[in-house]
Structures are given as C-alpha cells and as structure tokens.
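Q: One-letter residues, chain by chain:
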Amino acid sequence: MTVSFGQFVASAGRLVVQPRMGFSDPRQMRSGLEHTKFAAATTVGTLTLDSYTRVGDHDSARRAVADGVALNGYPIVTYPVELTRELLAGVADETFPVQVRHGSSRPQRIIRALTAAGLDATEGGPVSYCLPYGRTPLRDSVASWAESCELLARLVEPGRVPHLESFGGCMLGQLCPPSLLVAISVLEGLFFTQHGIDSISLSYAQQTDPTQDEEAIRALRRLGAEFLPVRADWHVVVYTYMGVYPLSAAGARRLLETSAELAVRSGAQRLIVKTVAEAHRIPTIEENVRALETAATVAVMTTVDSARSGPDTGIYAEARTFVEAVLELHPDAGAALLAAFSRGYLDIPYCLHPDNAGLSRSYIDDAGWLRWSAAGRMPIRPAAAPRDSAGMSPARLLSALNHVARKFDHSSQEARCIP
Amino acid sequence: MNPILENVRLNVLVSGTASDSHTWNLVYLQLFLEAMGNRVVNLGPCVPPQLLAGRCLEHRPELIVLSSVNGHGYQDGLRAITRVRQEPELAGVPAVIGGMLGVAGERDAASAARLCEAGFDAVFDDGNLEAFERFLARLAGTPAIASHGRAES
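Chain order of the listed sequences is A and B. Each residue of the first sequence is one higher than the last, beginning at 12 in our numbering. Each residue of the second sequence is one higher than the last, beginning at 3 in our numbering.
Hints are computed from structural coordinates only; laboratory data are not their basis. Treat the hints with care, since some could be wrong.
Said to hold, decoys possible - Now the stretches of chain A that chain B is said to cover, found in silico as 3 or more residues with beta-carbon under 8 Å:
(1) 58-66
(2) 137-150
(3) 234-247
(4) 406-415
Computed from a prediction, not measured in an experiment: that's the story for all the values here. Backbone N, C-alpha and C fix where the C-beta goes; we use that ideal spot for every residue, glycine too.
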C-alpha cells in the first residue's frame with residue numbers, strides 16, 4: 012500500500028510546503044522536481060500545466076512543443092505517457108508525492124493523462140476552475156467535474172488513493188471576502204466526496220489581514236468538520252497571497268513569511284508558496300527552492316498559542332449561512348451550486364463570467380480588512396459600508412488591488428533604513 | 003485628463019486572449035475606459051479568435067482592446083487579430099493589444115512587429131497605460147471617430 016497524498020500531508024508532523032512549478036522542457040521539469048524534493052523542507056512536488064492544456068487547446072500545445080516555443084507549464088496531455096513516467100521515475104515516491112495543478116473547467120483529458128502516468132493527486136473544482144477563469148458555462152463545468160472526480164477515482168492505479176484539492180479558497184485571487192472563499196471551498200469539497208473522492212483538501216488564499224485570515228481558516232476547519240462526511244480524510248491548504256505581489260524582494264519575502272506564520276497559527280497543514288519573482292515573471296527553480304526553504308524555516312519558528320483564539324467577527328457564521336443556503340436548494344452539491352449562482356445566492360465580486368450575478372462588491376476598509384460593500388442577492392447582511400466605498404473608480408480599484416503589495420514594499424523600505 | 007479624451011465616448015470592446023484566464027486586467031481596463039466616458043463591452047477572459055470576431059460583428063465596436071498577461075500574448079494575439087481582420091467589416095476597426103505578452107517577462111520587438119503586421123494598430127507589450135492614453139487621444143483626433151464622438155456626447 013503506497014502512502015497517499017493526503018496521508019503524506021497528515022503524517023508529516025510539520026507544515027508541508029509546495030511550489031507552483033511547470034516547464035515545457037522535460038529536463039527542466041525533472042530538475043525542478045528534484046530540487047523541490049531535496050529542498051531543506053518537507054515538500055510535495057508540483058506539475059503545473061500550461062495554459063493551452065488548461066483550456067483544452069492541445070493543438071496549440073503540440074505546435075508549440077514541435078516548434079520549440081516555451082510554454083508556461085508542462086503539457087501533460089500532449090507528451091507521450093512514457094515521457095511523463097520517465098520524468099517522474101525515481102523522483103515521485105512515498106517520500107515525495109507529486110500533484111498536478113492545471114486550472115481547467117473540463118479536466119477529463121488531464122485526469123486521464125495524469126492517472127496514466129501513475130499520478131493520483133490534482134486540484135480545482137466545478138466553481139473555482141470555472142467562474143474566475145474562462146467562459147465555460149457553469150453547468151458544463153459541474154458536469155465535467157463530476158465526471159472527472161469519477162474518472163480519477165476509477166483510473167488511479169490499484170492501491171493508490173486519489174486526492175483532490177478544492178481551489179475554492181482563491182476566487183479571482185484577491186478582493187473576495189473570506190466568508191465566501193471558505194463557503195466555496197467547503198461546498199466543492201462536499202461535491203468531491205459526492206463523486207467518489209474521499210481524500211481532499213480545502214484551500215484558503217491569504218488575503219489582506221493576518222487576523223482576519225486566521226479567523227477565516229479556523230472557520231474553514233470548523234465547517235469542514237461539520238459538513239464533510241466522517242469517512243473523508245481532509246486537510247487545509249493555504250496559498251501565499253495570490254493577488255498583485257510586492258515588487259521588492261524584501262517585501263515579497265516578508266509576505267511569504269507571513270503566509271507561513273498564518274498557516275501554522277491557523278492549523279493548516281500545507282502551504283503553496285510564492286517567490287520573489289512573482290511580480291516580475293515565472294520563477295526559476297532556484298527561486299522556488301529558496302521560497303520553500305524560507306517558508307519551512309518560518310513555519311518551524313512559529314509557535315501556536317492554543318489559548319489565543321483571536322476575535323470572532325462573524326466569518327464562521329457568514330460562511331455557514333452561505334453553505335446552508337446552498338445545500339437547502341438541492342441535496343446534490345453540484346445542482347445546489349448551479350441553483351445558488353443562478354439565484355445570486357453566491358456571487359463573486361468583480362467576476363466577469365456570464366453565470367455570475369455580478370451584483371456583489373467588496374472593498375478594503377481603513378483597518379486593512381476585506382469587507383462587503385454590496386451583497387447583491389446573497390443571503391447575508393453585512394454591516395453597511397461607508398458611503399464612499401460603494402463606487403469603484405479605476406484609481407480606487409488599482410489602489411485596492413495593490414494594497415498588499417504597497418504595504419509590504421513600503422514596510423520593507425522602512426526596514427532597510429534601520430541601521 | 004486630456005479634454006479631447008473626455009469627449010470621446012467610443013464603443014469599446016475589451017477582451018482577454020484565448021489561453022489567458024486573468025480577469026483583473028480586464029476589470030481595470032473597463033473602469034479605465036469608462037472613466038473617460040467610453041462605453042465598454044467586456045468579454046472577459048479566455049476568448050477564442052472565432053468568438054472574438056463574432057462578438058465584434060455583433061457589437062460593432064469603434065475600438066478593440068485585447069489584454070494578455072499570461073505569457074502567451076504574442077502567439078494568442080497574432081491568432082486573434084488574424085481572425086478579426088479576415089472579416090471585411092472589421093478590417094478597418096482600430097485594434098490594440100497590451101499587457102505582458104511573453105513568457106520571459108521581457109519585450110520581444112520582433113514579435114511585437116509581427117502583431118502590427120498582422121493588423122494591430124498599436125502594441126503596448128510593457129503594459130504602458132500612458133502610451134495607451136496617448137493612442138486614445140490620437141484616435142479621438144481622427145476625423146471619423148472624433149465627429150462620431152461629438153455627435154454622441
């Protein structure tokens with residue numbers, strides 16, 4: 012019996028750190044996996060796929076490979092399965108599980124390709140890989156993801172446990188208030204378990220304030236325990252900030268460090284890191300290794316004060332309201348999610364997808380917390396936003412999008428002035 | 003703001019490129035263009051060339067703005083504009099592309115030149131909004147659109 016992705020994380024005994032990493036050159040990809048494996052940290056590996064594979068345009072991926080044009084990830088569907096098996100041989104093993112990260116709303120071919128290559132872990136979700144990322148109708152994405160879960164469950168090699176991570180904690184990366192991120196993550200996790208996947212992870216992407224984020228992740232853990240079936244093996248994964256990233260190396264590093272602290276303090280078990288190159292380009296292998304080691308070091312030094320639970324500002328209650336309102340619509344999570352979006356019960360702020368109501372709005376308050384400025388038809392009653400936060404001018408949007416980058420670039424400059 | 007710009011009121015179609023899932027660049031561009039008084043139809047991310055051409059025929063924009071930040075912009079942009087220019091009725095519609103267009107995070111002059119040859123009127127491959135604003139000012143100064151703009155304002 013091999014150790015599954017979920018079991019590996021559960022038994023690691025410390026924060027597991029993971030890069031986002033994908034290259035179209037197999038030698039570079041192999042090198043990236045090896046360097047991740049041998050980083051001074053407890054790591055899992057990543058095959059990030061390219062954008063053509065993500066949107067199902069395998070012809071373009073094939074053409075790029077044939078023409079020697081670099082892609083922004085590993086085209087797992089395009090390459091022969093033997094090549095991917097060779098890529099993984101001697102690297103992916105019980106001490107180093109490898110997950111495929113892709114972003115597809117129709118991932119069936121990706122699931123077939125990764126299971127054929129002997130892999131068993133991937134991520135996404137019917138909502139989180141549909142609404143923020145393209146034009147696939149939500150109905151098609153829900154059907155595709157139901158089929159994909161069942162394919163993954165059926166096609167993994169005997170003895171392996173398929174693992175799926177919900178990307179629901181990262182709707183558009185920034186400016187989605189925590190309660191909705193938490194709710195979507197829980198609902199997608201439930202969707203996975205209804206389609207035969209019992210080893211799952213629920214995600215949460217670091218937002219604008221560490222106290223608010225810690226409360227959100229505790230709410231996610233509590234709701235996971237309340238709503239996921241007892242048979243499910245699950246953990247929480249935190250994503251280092253997914254929005255506009257600090258430009259300075261010092262600011263970028265500090266933001267990564269705060270995400271590692273957040274993950275440990277909130278009881279998450281895995282962290283997907285960002286590098287100092289984030290604001291500038293796709294990171295090198297070395298930059299990724301440094302980020303993994305930085306995060307692991309900070310995690311070891313971070314202590315958990317179990318007596319300190321932090322304030323309850325109502326994130327749990329609001330997230331629970333979303334989850335209950337959705338599940339009341341239909342016992343099947345997929346059908347319930349479809350009904351919820353068509354009624355506007357769930358509504359991602361600023362999301363341009365035709366199946367998103369587009370009535371909700373958010374803002375960052377004076378204390379740096381992410382808040383609702385408009386709830387649309389959602390079943391929550393957030394505190395009234397100050398009058399001047401309602402309208403979003405281009406300058407105000409830019410300011411909100413750059414809030415975290417500005418804060419960390421600025422504080423790193425101050426730090427440099429200290430003799 | 004340039005006083006000419008304030009009176010432009012163009013019908014602008016904003017769109018992401020086929021393989022690019024990013025949204026915030028498109029949300030921002032919409033607000034940026036609307037703040038100048040333009041009317042914006044925003045197709046959102048991941049728009050294949052065929053759909054782009056179809057929606058342009060449907061909406062009849064006076065300016066097409068493509069934005070890409072995922073590293074495939076040079077390739078995706080080329081296919082997008084080639085398809086748009088195949089439509090005789092779209093042959094003369096001003097079209098621009100901007101963002102971060104290459105994987106390496108560096109500008110590629112040869113690729114940018116190819117985009118212009120294929121039919122873009124301007125390429126802002128360093129995401130330069132000021133240059134885009136100057137382009138809009140020049141566009142507002144061209145007789146056909148300026149007169150149309152005045153008539154609408």
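Q: Now tell me if each hint is right for this structure.
A: Results for each hint:
For the stretch 58-66 of chain A, the stated coverage by chain B holds: 4 residues have a C-beta nearer than 8 Å to a C-beta of that chain, and at least 3 were required. As drawn, the stretch 137-150 of chain A meets chain B at 4 residues by the rule of a beta-carbon pair under 8 Å; at three or more, the given contact holds. Coverage of the stretch 234-247 of chain A by chain B is violated in this model, with 0 residues showing a Cβ closer than 8 Å to a Cβ of that chain against a need of three. For the stretch 406-415 of chain A, the assignment as covered by chain B holds, since 3 residues bring a beta-carbon within under 8 Å of that chain's beta-carbons and 3 suffice.
The earlier numbered hint that this structure contradicts is number 3, and it is the only one.
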